[in-house]
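Engineer: Spelled out from the first residue to the last, the chains are:
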Amino acid sequence: MRISRRSLLGLAGAGAAGLALGGCGAGDGGSASGGGTIRWWHIANTDPMLSAWADMARRFEAANPGVTIEITALENEAFKTKLTTNIQAGDPPDIFHSWGGGVLAQQVEAGMVKDLTGDVGGWRDQLIPSALDAYTVDGAVYASAVDTGMVGFWYNKELFARAGVTTPPVTWAGLLDAVRRLKGTDVTPIALAGKEKWPGHYYWAYLALRIGGLDLMRQAAADKSFAAPDFVTAGTRLAELVALQPFQTGFLAAGYSTADGQAATMGNGKAAMELMGQWAPTVQKDSSAGKAGLGDKLGFFPFPAVDGGKGRITDAFGGGGGFAVGRNAPDTAIEFLRFIAQPDNARIEARTAGVLPVVKAAQDAVTDPNLKSVADTLASSTGFQLYLDQAFAPAVGQQVNDSVAELLAGQASPEDVAAAITTAAKQG
Amino acid sequence: MVIIERRPAAPARPPVRSRSRRRRPWPTIVLFLAPALLLFGLLVLAPIVVAGYASLFTWNGFGVPTQFVGLENFRRLLTDEIFAGDLRRTLLLVTLSIGIQLPFSLVLAMLLNQPLRGRRAYRLVFFAPYVLSEVVTAVLFTMIFSPNQGLANHITRLIGLGDLGATWLADPDTVMYSLFLVISWKYFGFHTLLYLAARQSIPPELHDAAATDGAGPWRAFRHITLPLLGPTIRISVFLSVLGTVQLFDMVWVLTGGGPIRSSETLAVTMFQEGFKRFHVGYASAISMAIFLISLFFGLLYQRFVLRRDLEGAVTTMGDRR
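Residue numbers (the working numbering), protein chains in the order written: chain R, 1 to 428; chain V, 1 to 321.
Among the hints, erroneous ones may be present.
What the hints assert, rightly or not - Distance condition first, Cα-Cα at most 25 Å in a straight line; then the derived DMTMM-like pairs of lysine to aspartate or glutamate: (1) R:270 - R:286; (2) R:82 - V:134; (3) R:426 - V:173; (4) R:426 - V:171; (5) R:224 - V:72; (6) R:291 - R:138; (7) R:80 - V:249; (8) R:80 - V:134; (9) R:183 - V:171; (10) R:270 - V:205; (11) R:224 - V:81; (12) R:80 - R:138.
No lab work stands behind these hints: they were computed from the structure. Note that the structure is a prediction, hence the values are computed from the model and not measured.
Based on the sequences and whatever the hints tell you, model everything.
Structural biologist: What follows is the structure, given as structure tokens:
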């Protein structure tokens, strides 16, 4: 035979690189973390929270001899990938960040997460109402909520004033008008991270929420269909914004927290606004040139209402972070979560201005004016919708992100977007 | 002549050889081979088998796959526009590599073979990018193509093209060419090195003889250098194609497959399906496709293109020619 065995094996080796995926999910590794070691994975990979949590872990270790907490702090996307790999291999970390929703539900279904209903019940009444909603699957609680927040427009007051926009817009038409005025002053109206698709999905989701109201989302989840006309209208409204070319040059290749990404563009005063969650000021500061951010120039306003829409401007869209406990975690892991949830510790988190705590007693420690305005808006909200890429199953969430990205790039019509997401929802 | 004279000694040998054959220590061979075979089975064969098995299920990757769908994932693959797009983009990169990158490397190798001042420094400089990992290269170029502070923009502004550099990676029409540029930057040095090594192993007598016969540099290159570089060029094309089919790291870090999938490769689609959408069954089908494409390309290429090259010392067994 011409093809020797040796060359065949060589080829098999070459092809194996493409098969890296096949190796995952194969073994049922099982956690080796017995005894006093707690593996804690979170996404606060920058200060202030990185140090704040490291400090809390050290204090817990000191109070509990024999317990060691191993912290792995990763950026969102890296975190999701690493966690997915570990969970598919049957080896979840002992404590890990969760956004709740459809992703957590799948992890629960796979038996990877501990039911915390009994434990969290102990401190549940200390939390703000609805804090645990996103982590409740079929009536059982699977994570302890740590922080909360919502998405809204962060804006540069100075650039707004220079463009003659004196009050933040409260209607979609007003927002489009503000964008036109800002363009007139040679400022990038909106910073957007197009490479990472999740920031783009906020626009479409918020528009759908304003146009169709909370019921629209609930119905979509129940029917597994996004064919309702309101979803198409959301795309049409978004296309109006895209037509104004409001985003920075090369936004389709821009990251979020990279050197030249969305947060940096905003933090360096080169764009007038960004649609982002409560963490935006921290990231702006962190990725801006002098690590200073915009300081007093930064303001916050809720996503505008849409004329004739069923949703209210007081309906909030966003989510928070919680900590889920892996199936093989030692009991001390739950002890540690209880420790974090103590008002004193929650106050430390609040004071760093890094998170908006869910512990009621700690709300008074929120002093940062930006964070306070988010807290106030959230406190007076009339309804709450979790991020779509978390609320729905991963395949649906990713399709929302992908399809909205196509719309933002001018490559898909509002009808295409609704149809593609519906297809993904039906397939599951 | 010498060989013939040695032959008479041969008849004395057979008893020795047959005894040595009888005493060939099979247990020892098996013992020494076992670790390698075990690792190979575990790290190469098992993943292939597992991926093949998983590709027959609709499976989100958690627990044990139960929803058997047969070849449904492959049927879906054949009608998937994204998969077709991946193949098109792979083909484009292969074409560009063979048409531009490799010839460029060849020309460079010929130049570096000339006795020119600072030749060593040039070789070092050209080979340097290959030493960097794909991820580092990609991060580097993300900065170069960065819209505000990027080097690409500085250059385009200097030559009066405005902010063109910022949009190379952000424009679906140009992203593949930008990507090709980065791939070329990283790998041309490797191919140059291969060609250079092959060129230097050509005995100078051949070129001397050609020169004596009055052949100019072009004729010498066309009729002596190029044919003798043949095996190296064929191997370099082989490596280039296989590398392109499996391209992942660079694309993932540089563009994430975007904007809107316009730079997505087979492996990126596999990752998206497997780790973003939790369609592990479908992702396994894609990985099988990548494997089969690599395998069939490799087999056909060896069968028809590398045939003569492989008839040399490397793959022949014993005295068979």
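Engineer: Now tell me, hint by hint, if it's right for this structure.
Structural biologist: Each hint, compared with the structure:
1. R:270 - R:286: 15 Å, holds
2. R:82 - V:134: Status holds; Cα separation ~20 Å.
3. R:426 - V:173: 32 Å, violated
4. R:426 - V:171: Distance ~32 Å between residue 426 (chain R) and residue 171 (chain V) Cα, so the pair is violated.
5. R:224 - V:72: Holds, at roughly 22 Å.
6. R:291 - R:138: The given pair, whose Cα atoms are some 44 Å apart, is violated under the 25 Å limit.
7. R:80 - V:249: 17 Å, holds
8. R:80 - V:134: 22 Å, holds
9. R:183 - V:171: 22 Å, holds
10. R:270 - V:205: 66 Å, violated
11. R:224 - V:81: Since the Cα atoms of residue 224 (chain R) and residue 81 (chain V) sit roughly 23 Å apart, the hinted pair holds (cutoff 25 Å).
12. R:80 - R:138: Holds, at about 23 Å.
The structure fails hints 3, 4, 6, 10 (numbered hints given earlier, in ascending order).
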